Amino acid sequence: MSQTATTRRDFLCVVAGCAAAATAAGCSDLTHTRWFRSRFIELSPDQKERILAELLEENRKKFPPDKQDQVVLSGKDALPGVEFGYALDISRCVGCRRCVYACVDENNQSRDPQIHWIRVLEMDKERGIDFAHANPYYDTDQVPREDHFYLPVACQQCRNAPCVKSCPVGATWHEEDGIVVVDYDWCIGCRCCMAACPYGARHFNWAEPNVPAEDLNPNLHYLGNRPRPKGVVEKCTFCIQRTRNGRYPACVEICPVGARKFGNLLDPNSEVRYVIEHKRVYVLKAELNTRPRFYYFYGV
Amino acid sequence: MTTARTFFRFVAGSLRLISRGNALYYAWVALLLVGMGIGGAAWWKQFHEGLITTSMRDQMSWGFYIGNFTFLVGVAAAAVTLVVPAYIYQWKPIKEIVVFGELLAIASIVVCALFVMVDIGHPERFWHLIPGLGFLNVPSSLLGWDVIALNSYLLLNFVIVTYLLFTLFRGKDPNKRLFMPLVWLSIPAAIGIHTVTAFLYNGLIARPFWNSAILAPRFIASAFCSGPAVLIILMQLLRRFTNFTIRNEAIWKIAELMAYFMAFNLFLLGAEVFKEYYSDTHHLIHMEYMFTGVQGHTAIVPWMWTAVTCSIVAFLLFLLPKTRRHVLTLNLGCVLIFLGVYLEKGMGLVIPGMTPDTLGEIYEYVPSGNELRLTLGVLCTGALLFTLMVKVATPILLGEFRDRP
Numbered sequence: 001m002s003q004t005a006t007t008r009r010d011f012l013c014v015v016a017g018c019a020a021a022a023t024a025a026g027c028s029d030l031t032h033t034r035w036f037r038s039r040f041i042e043l044s045p046d047q048k049e050r051i052l053a054e055l056l057e058e059n060r061k062k063f064p065p066d067k068q069d070q071v072v073l074s075g076k077d078a079l080p081g082v083e084f085g086y087a088l089d090i091s092r093c094v095g096c097r098r099c100v101y102a103c104v105d106e107n108n109q110s111r112d113p114q115i116h117w118i119r120v121l122e123m124d125k126e127r128g129i130d131f132a133h134a135n136p137y138y139d140t141d142q143v144p145r146e147d148h149f150y151l152p153v154a155c156q157q158c159r160n161a162p163c164v165k166s167c168p169v170g171a172t173w174h175e176e177d178g179i180v181v182v183d184y185d186w187c188i189g190c191r192c193c194m195a196a197c198p199y200g201a202r203h204f205n206w207a208e209p210n211v212p213a214e215d216l217n218p219n220l221h222y223l224g225n226r227p228r229p230k231g232v233v234e235k236c237t238f239c240i241q242r243t244r245n246g247r248y249p250a251c252v253e254i255c256p257v258g259a260r261k262f263g264n265l266l267d268p269n270s271e272v273r274y275v276i277e278h279k280r281v282y283v284l285k286a287e288l289n290t291r292p293r294f295y296y297f298y299g300v
Numbered sequence: 001m002t003t004a005r006t007f008f009r010f011v012a013g014s015l016r017l018i019s020r021g022n023a024l025y026y027a028w029v030a031l032l033l034v035g036m037g038i039g040g041a042a043w044w045k046q047f048h049e050g051l052i053t054t055s056m057r058d059q060m061s062w063g064f065y066i067g068n069f070t071f072l073v074g075v076a077a078a079a080v081t082l083v084v085p086a087y088i089y090q091w092k093p094i095k096e097i098v099v100f101g102e103l104l105a106i107a108s109i110v111v112c113a114l115f116v117m118v119d120i121g122h123p124e125r126f127w128h129l130i131p132g133l134g135f136l137n138v139p140s141s142l143l144g145w146d147v148i149a150l151n152s153y154l155l156l157n158f159v160i161v162t163y164l165l166f167t168l169f170r171g172k173d174p175n176k177r178l179f180m181p182l183v184w185l186s187i188p189a190a191i192g193i194h195t196v197t198a199f200l201y202n203g204l205i206a207r208p209f210w211n212s213a214i215l216a217p218r219f220i221a222s223a224f225c226s227g228p229a230v231l232i233i234l235m236q237l238l239r240r241f242t243n244f245t246i247r248n249e250a251i252w253k254i255a256e257l258m259a260y261f262m263a264f265n266l267f268l269l270g271a272e273v274f275k276e277y278y279s280d281t282h283h284l285i286h287m288e289y290m291f292t293g294v295q296g297h298t299a300i301v302p303w304m305w306t307a308v309t310c311s312i313v314a315f316l317l318f319l320l321p322k323t324r325r326h327v328l329t330l331n332l333g334c335v336l337i338f339l340g341v342y343l344e345k346g347m348g349l350v351i352p353g354m355t356p357d358t359l360g361e362i363y364e365y366v367p368s369g370n371e372l373r374l375t376l377g378v379l380c381t382g383a384l385l386f387t388l389m390v391k392v393a394t395p396i397l398l399g400e401f402r403d404r405p
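Quick note, the sequences are listed as chains A and B, same order.
Residue numbering for the first sequence follows this note's numbering, starting at 1 and increasing by one per position.
Residue numbering for the second sequence follows this note's numbering, starting at 1 and increasing by one per position.
Read the hints as simulated data drawn from the structure, not as lab findings.
A quick note: this is a predicted structure, and the numbers were derived from the prediction, not measured.
Be careful, since some hints might not be right.
Stated by the list, open to error - DSS-like mimics (lysine-lysine), calculated; alpha carbons at most 27 Å apart, straight line: (1) B:253 / B:95; (2) A:61 / A:76; (3) A:62 / B:45; (4) B:391 / B:172; (5) B:172 / B:95; (6) A:285 / B:275.
What the hints assert, rightly or not - Going by beta-carbon spacing under 10 Å, a handful of chain B positions derived as facing chain A: (7) 36; (8) 129; (9) 136.
Ideal placement from N, C-alpha and C gives every residue a C-beta, glycine not left out.
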């Protein structure tokens, strides 16, 4: 499939190039630049490498001079035998929002306009999970408030993801390890996925994203936290730049009460497997059949 | 070769036609150009600063552009289907109804495409949608289907109209066996574009307000009210300013048929209102936001009651034979139903569908000034296109613009 697509594109490129009397070699250069190419999953390893190198140079310039040689831009594939899953203990979460800010720092989310991949909702204990009466703008100085509990929501990494289904250009897809990713260089910004997502997990760059150079995280992944252009959609990637290298997502690491568990669903000894086996888990909006890889549970 | 040369004369003659006219024509075109200029400036600003220049945000990720898009798909669909009654009731100006209906469809579809282009974050990446060159995600993406449906419909109408007008320009009779099948094909295609556009919303499980099985029927019913309203007004203008003979009976018949669709449209709305209010689930909140406001957020409420009032008054005016045959009440009804459906589709579909958002937050959306200016520009572009096409088509249909080799 990817082979035919590339060949077809090469052919069209030749046709377009003829007007400029382009040689076959010159044309192939044109094909493989960032601006005229296929989706990231369709690229050959060779093309990926070239695009990553080009992007790395471009992104380096966004960092302060003393940090530029620390910048890494990975395109690392999913590890074999891994399917990531997440579990969040509602009875422990105190609503401190540290996960929100750790996520912003780790994933280079725009500070102004502000983008948060995690949204923590304050809910009435008496109402249970009731989005219509939830408050996302509560004051963290007061938490945990009496008679309230807290529900953090980010991308649920659905197995039956409405966002992936709705994208007209295939700019968002499931990776082998279950992470739903966006190719920021392919997204046309139509926002169908945002209309389709039942969890408000997708965010649009309404303006040029703005992160102070000294605050940029230099450990980048193409499908994750690399600086985004304006006019494209972004979302939680389970910290793809960390988790594919055996680390925890930033939100798991920061959580002061240990409410967040993460691991490989295919590994019987993983923490997330333990939660699924020994606690009773549930998923948000189960009636929509999105089948999330993100579980909630009551640990205590 | 001769055909090519004749076609060249056809194009050159058309250009001559659109560059000449009376003072009223020039004033109208100038007005539209000013509107386009305002829209162009707004678009330039939006292109450079991003969609932050609109009032759309993550909580309300589609807005006025997509609402207008949806409304105009309806106009495009309904315009062409007037061929059916024209054929059944043997109206004399059947050819004219076909041509003007399809011209309106072409202009509307072009405007639809423009609304999508101004709404997307990366319009320069539109080629990602072209199969072969990019990647069109069909069958799973409904926007993918909509791209196919709308472009096919545009092409179909363009071919029919160009064939008809060019043949008449050459002083020949159009081959009915050649173009009538295409005209008949354009009717299911018209229903198709509006159905696919409805499915674009309908298929979204995250939005209970749209996830209703009668959404597509409601789209069709409301489109059959607003589309013909434009054509009724246009026919009267043509009758007044040119030598067209359009019989009153044809106009009254259209008005009568519109009354049935208006009744059906109101019935479907009533069915939806009953289901939501009687069930009283947490999905009701979207309709409450629309009709009564939620937690003091009432920005859209007056608009929605205006829409309902317009639709009911227009229905009554068109229901009574006396008022639908009177020139004043007929046109008042046309304006009211057009306005009613415009508010219903342009605002009453998208805004309550996304308010509150999927996590329950209420972000009160009111289009920004830049958004309104850009919308004005796009609508003016469509109006200009339609004006120019009518300017050429009219003398051809009247036999005044003929080939003189």
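- [ ] For the pair supplied as a hint, residue 62 of chain A and residue 45 of chain B, confirm whether the alpha-carbon distance does not exceed 27 Å.
- [x] With Cα atoms ~25 Å apart, residue 62 of chain A and residue 45 of chain B stay inside 27 Å; holds.
Open item on the list: Given the hinted pair residue 61 of chain A and residue 76 of chain A, is their Cα-Cα distance within 27 Å?
Closed with: Judged against 27 Å, a Cα distance of about 22 Å means the pair holds.
Open item on the list: Does residue 275 of chain B sit within 27 Å of residue 285 of chain A, going by the straight-line distance between their CA atoms?
Closed with: Distance of about 21 Å is within 27 Å: holds.
- [ ] For the pair supplied as a hint, residue 172 of chain B and residue 95 of chain B, confirm whether the alpha-carbon distance does not exceed 27 Å.
- [x] 14 Å, holds
Task: Pair hint outcome, residue 391 of chain B versus residue 172 of chain B [Cα-Cα no greater than 27 Å] - done: Measuring from Cα to Cα gives roughly 20 Å; hence the hint holds.
Open item on the list: For a C-alpha distance cap of 27 Å, please report whether residue 253 of chain B and residue 95 of chain B respect it.
Closed with: 17 Å, holds
Task: Interface hint status, residue 36 of chain B versus chain A (Cβ within 10 Å) - done: Because about 23 Å separates residue 36 of chain B from the closest Cβ in chain A, which is outside the 10 Å limit, the hint is violated.
Open item on the list: Quick check on the hint: residue 136 of chain B CB to chain A CB, less than 10 Å?
Closed with: 7 Å, holds
Task: Residue hint residue 129 of chain B, partner chain A, criterion CB-CB below 10 Å - done: 6 Å, holds
Violated hint for the displayed structure: number 7, the only one.
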